[in-house]
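Protein chains: 2
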Amino acid sequence: MADRDTDLALDLPALARGGDVRGLRAALDPLDVPAVVDELERVDALTRAVAFRALPKGTALAVFEDLDPALQGELLQELREEAVRDIVAGLDPDDRAGLLDELPAGVTARLLSGLTADERRMTTDLLGYPPESAGRRMTPQVVALPAGLTVGSALAHVRRHGEDAETIYTLPVVGAGRHVEGVVSLRRLFVTDDDVPVADVLSDPVVVRADTDQEVAARVVRDHGLVAVPVVDAEDRLLGVFTVDDAMRVLEHEEDEDTARAGGSEPLRKPYLATSVLGLVRSRILWLLVLIAAATLTVSVLDAFEDTLDEVVALALFVPLLIGTAGNTGAQAATTVVRATAVGDVRFRDLPRVVGREAVTGLLLGTGLSLIGAVPASLVAGPEIALVLALALVVVCTLATTAGAFTPMVAKRVGLDPAVVSAPFITTFVDATGLVVYFLIARAVLGL
Amino acid sequence: MADRDTDLALDLPALARGGDVRGLRAALDPLDVPAVVDELERVDALTRAVAFRALPKGTALAVFEDLDPALQGELLQELREEAVRDIVAGLDPDDRAGLLDELPAGVTARLLSGLTADERRMTTDLLGYPPESAGRRMTPQVVALPAGLTVGSALAHVRRHGEDAETIYTLPVVGAGRHVEGVVSLRRLFVTDDDVPVADVLSDPVVVRADTDQEVAARVVRDHGLVAVPVVDAEDRLLGVFTVDDAMRVLEHEEDEDTARAGGSEPLRKPYLATSVLGLVRSRILWLLVLIAAATLTVSVLDAFEDTLDEVVALALFVPLLIGTAGNTGAQAATTVVRATAVGDVRFRDLPRVVGREAVTGLLLGTGLSLIGAVPASLVAGPEIALVLALALVVVCTLATTAGAFTPMVAKRVGLDPAVVSAPFITTFVDATGLVVYFLIARAVLGL
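These protein sequences, in sequence, are chains A and B.
Numbered per our numbering, the first sequence spans residues 236 to 683.
Numbered per our numbering, the second sequence spans residues 236 to 683.
Honestly, the hints are just simulated from the structure, not real lab data.
A few of these clues could be false.
It does not matter which identical chain is meant; a pair holds if it fits inside one copy or across any two.
[To be verified] Calculated cross-link-like contacts (lysine to any residue; reagent style SDA-like; alpha-carbon spacing at most 25 Å):
#1 K505 - A352
#2 K505 - D439
#3 K292 - A280
#4 K505 - G460
#5 K292 - A549
#6 K292 - A469
#7 K505 - R588
#8 K292 - V590
#9 K505 - V680
#10 K505 - H459
#11 K505 - G617
#12 K505 - E487
#13 K505 - A280
#14 K292 - D246
#15 K292 - L524
#16 K505 - R252
#17 K292 - H488
#18 K292 - P440
#19 K505 - V451
#20 K292 - A539
#21 K292 - E309
#22 K505 - E492
#23 K505 - A305
#24 K292 - D435
#25 K292 - L513
#26 K505 - D491
#27 K292 - V645
#28 K292 - D273
Since this is a predicted model, take the numbers as computed values, not measurements.
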């Protein structure tokens, strides 16, 4: 696994261009499903379609299921109608709902019409929940135990009805109207004697509502160490289950988003190598424009202080260093606070505490840097400018960490993604503020 | 769950200071285990110890298991010897090994001596694997099926031996010398008739070696959608299993690390609010010093071009905007490539392709920004300086994306964490290079 990097590269595009189906099959055959997925996500759309068609039928469905949803949609459009119907019918209802989300409405309707009535109903039910909700991600194919069984009869029930369920390891116990009364794991049933009532080994149910955000549901699964969590409606009636593999995918997806935004770009909708260069440009240009517009503030600040700059050109020497350091300090604080907010370590009510801690941290960092830098700066630029720089660093670092803590928390409170207003945003903000501080201190100290 | 933010804050510190054990118990009693963990990770060490002692015994062990490992270590030092022994004996061997890692060697030895011979052997076995390996994280308590059973006898075997196992959902089938011959899920056995040989429903085993990095093992679990993966030695003999809940924790931990480093700081060893302000300063100061040392390059560059600057002070106005934009462009590229490398979308052999794509992306971004900014810049600073700025933007953006792609990939190749050399590092590097480019272009265009 870890050694894949040193394998010979497969030249799928060359094989696909040559129409060499046997060669493609031979190249992909030794790989397991995740490895095939990996290769397909690294090539262009046409190669992907040709290579996919060369896969044996059983493997093809498994590969399709694991493919990035955006690529699933693209791929379907390259396949023949018949192959598409087979794939769509073979998917689990939750995966199918995820796929149909990616397709134009006309295609969705045509594909739905090819399903059995039962399959169609399950799929459209899922599509009725809000995007990115637990309901959209759950599987309705769950084994529910009727209340009042013994362990022996419950195990027999699971064995009879388990074939189609996505998981049988988490078993909700339901009473009248599918009201969830508790949850028992298959494991618990398995190590308990047959004649014990299920009610005696029931756990309090940890459940999520269908309209819960998928990320929140995923964190419930992770924090409770669950294999699956039942999904219920507003009256606590069982609708389906949200499984740990879905939870892991959701968390990875959210992490993709947070990481991209922390770096000042929009998340890519597809794996990196499957994204075109224009796709990369599109994901970044808007943020760059916003940031460059904000950066014009720095031009105005420098313009306003041009007299000061004219008199002491040496002040200009330290501008990039000062604002760079301020930006880095702000980015550190923003990244830390965004992350702490994302994982739930910090909530809005902690705002004063967090801002206070970060302000003190910034003050200490600024003071530390000033003390360490004082001697070298004096040697380069003389004691007066070194003093200006030292004072400015203390103030600017404190401002930067405070802004870095405050902004993402407030953003989250008003419903924005805190990652959006993080590092690059803070950096640009402190650039302008830092310059004002620097020149004001310079005027005061140098008596300009 | 999602509404926790609006709950009234629990004032655990006040209750703890007042020694109000009954109040603490009443405050914590309505919360489930993850919520208690959450509260305990938000308070100081003393409050945590007092509140922990107020928990009922059964809850206490479950809470302890889920607590951040660094806090587990701290907490043990606040508890009485007897309570500590109970907790340590109650943990699963893998959790215990993780905890003992956090403690001073003397404490570890004393705690180990309090265990039964069997428990002690399992724990020290785990401690023998390298830190952050799958072996260190696995549980040795696994139900292995002897080869040659029928489904019925296999189910009976699991039922007899499943009590102590951490999971019974993934069942390795072992031949002579515990050599892993295949894996079968409990679910598969459960929906198959009793008289079918297990060999007929066996899957090819997906396994990881004990010395595999824990992050790689966690990605195997996620990519294959597994509940657990068997861990084997170099001869494919079964040692234990690595479960999905461990995989989720490992991935979150790695994400913490990557995020912190992307923001230019070291990862915190504890949850945010449980980290002291000095801890925050420590996690950041070293990186700031490295970056500020690198930023002195910008001072040298400006110093070298001081004549140019003296002649055309207007050039100084655009310095922060130019290097800010270059830094942002570089940060975007670095963040995207670090992430693509981390999730395995991109490998070292893709280096030329990735660098090529990013160079073109940078060229397009720089050109786009120049075209959009040309008119406003001419109005502010005249056509000549606007031309300098436009040309510099194109070159600098291309340099920034290229460096942003190249550096993390090469860092990973030589065994460094790619996240370390990401955004702030790239930003600082392009600051200096960008200034050189800017002044060289200025000299050429303005004929200085």
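Consistency of the hints with the structure:
1. In the homo-oligomer, the alpha carbons of K505 and A352 never lie at most 25 Å apart, since the shortest distance is 32 Å inside one protomer and 52 Å across protomers.
2. Taking the shortest Cα distances, K505 and D439 never come within 25 Å of each other, neither inside one copy (40 Å) nor across copies (30 Å).
3. Taking the shortest Cα distances, K292 and A280 sit within 25 Å of each other inside one copy (20 Å), while across copies they are farther apart (58 Å).
4. In this homomeric assembly, K505 and G460 come within 25 Å of each other (Cα to Cα) only across copies, at 20 Å, whereas the closest approach inside a single copy is 29 Å.
5. For the identical chains of this complex, K292 and A549 are neighbours neither inside a copy (71 Å) nor across copies (67 Å), given an alpha-carbon limit of 25 Å.
6. When the C-alpha separation of K292 and A469 is checked against a cutoff of 25 Å, the pair qualifies neither within a copy, at 41 Å, nor between copies, at 34 Å.
7. Taking CA atoms no more than 25 Å apart as the test, K505 paired with R588 passes between copies only; the shortest distance there is 17 Å, against 39 Å inside one copy.
8. Taking the shortest Cα distances, K292 and V590 never come within 25 Å of each other, neither inside one copy (57 Å) nor across copies (37 Å).
9. For the identical chains of this complex, K505 and V680 are neighbours neither inside a copy (54 Å) nor across copies (42 Å), given an alpha-carbon limit of 25 Å.
10. When the C-alpha separation of K505 and H459 is checked against a cutoff of 25 Å, the pair qualifies only between copies, where the shortest distance is 19 Å, while the shortest distance within a copy is 30 Å.
11. Proximity of K505 and G617 under a CA criterion of 25 Å is satisfied in neither setting, with 53 Å inside one chain copy and 42 Å between copies.
12. Within a single copy, K505 and E487 get their C-alpha atoms as close as 13 Å, and across copies as close as 22 Å, so both meet the 25 Å cut-off.
13. In this assembly of identical chains, K505 and A280 lie within 25 Å of each other by CA distance solely inside one copy; the values are 12 Å within and 44 Å between copies.
14. Taking the closest pair of Cα atoms, K292 and D246 come within 25 Å of each other only inside a single copy of the chain (22 Å); across copies the shortest separation is 60 Å, beyond that limit.
15. Taking the closest pair of Cα atoms, K292 and L524 never come within 25 Å of each other, the shortest separation being 47 Å inside a single copy and 58 Å across copies.
16. Proximity of K505 to R252 under the C-alpha cut-off of 25 Å is restricted to the intra-copy arrangement: shortest distance 23 Å within a copy versus 53 Å between copies.
17. Taking identical chains as interchangeable, the C-alpha atoms of K292 and H488 are never at most 25 Å apart, the minima being 28 Å within one chain and 38 Å between chains.
18. Proximity of K292 and P440 under a CA criterion of 25 Å is satisfied inter-copy only: 21 Å between copies versus 40 Å inside one chain copy.
19. Taking the shortest alpha-carbon separations for K505 and V451, both the intra-copy value of 23 Å and the inter-copy value of 22 Å come in at or below 25 Å.
20. Proximity of K292 and A539 under a CA criterion of 25 Å is satisfied in neither setting, with 70 Å inside one chain copy and 67 Å between copies.
21. For the identical chains of this complex, K292 and E309 are intra-copy neighbours only, at 19 Å inside a copy versus 55 Å across copies, given an alpha-carbon limit of 25 Å.
22. Both within a single protomer and between protomers do K505 and E492 lie at most 25 Å apart by alpha-carbon distance, with minima of 12 Å and 24 Å respectively.
23. With identical chains, the CA atoms of K505 and A305 are at most 25 Å apart within one copy only, with a shortest distance of 6 Å there and 37 Å across copies.
24. For the identical chains of this complex, K292 and D435 are inter-copy neighbours only, at 21 Å across copies versus 46 Å inside a copy, given an alpha-carbon limit of 25 Å.
25. In this assembly of identical chains, the alpha carbons of K292 and L513 never lie at most 25 Å apart, being 34 Å within a copy and 59 Å across copies at closest.
26. Proximity of K505 and D491 under a CA criterion of 25 Å is satisfied in both settings, with 11 Å inside one chain copy and 23 Å between copies.
27. Within a single copy, K292 and V645 get their C-alpha atoms no closer than 51 Å, and across copies no closer than 39 Å, so neither meets the 25 Å cut-off.
28. In this assembly of identical chains, K292 and D273 lie within 25 Å of each other by CA distance solely inside one copy; the values are 18 Å within and 47 Å between copies.
In summary, the structure is inconsistent with hints 1, 2, 5, 6, 8, 9, 11, 15, 17, 20, 25, 27 from the numbered list given earlier, while agreeing with the others.
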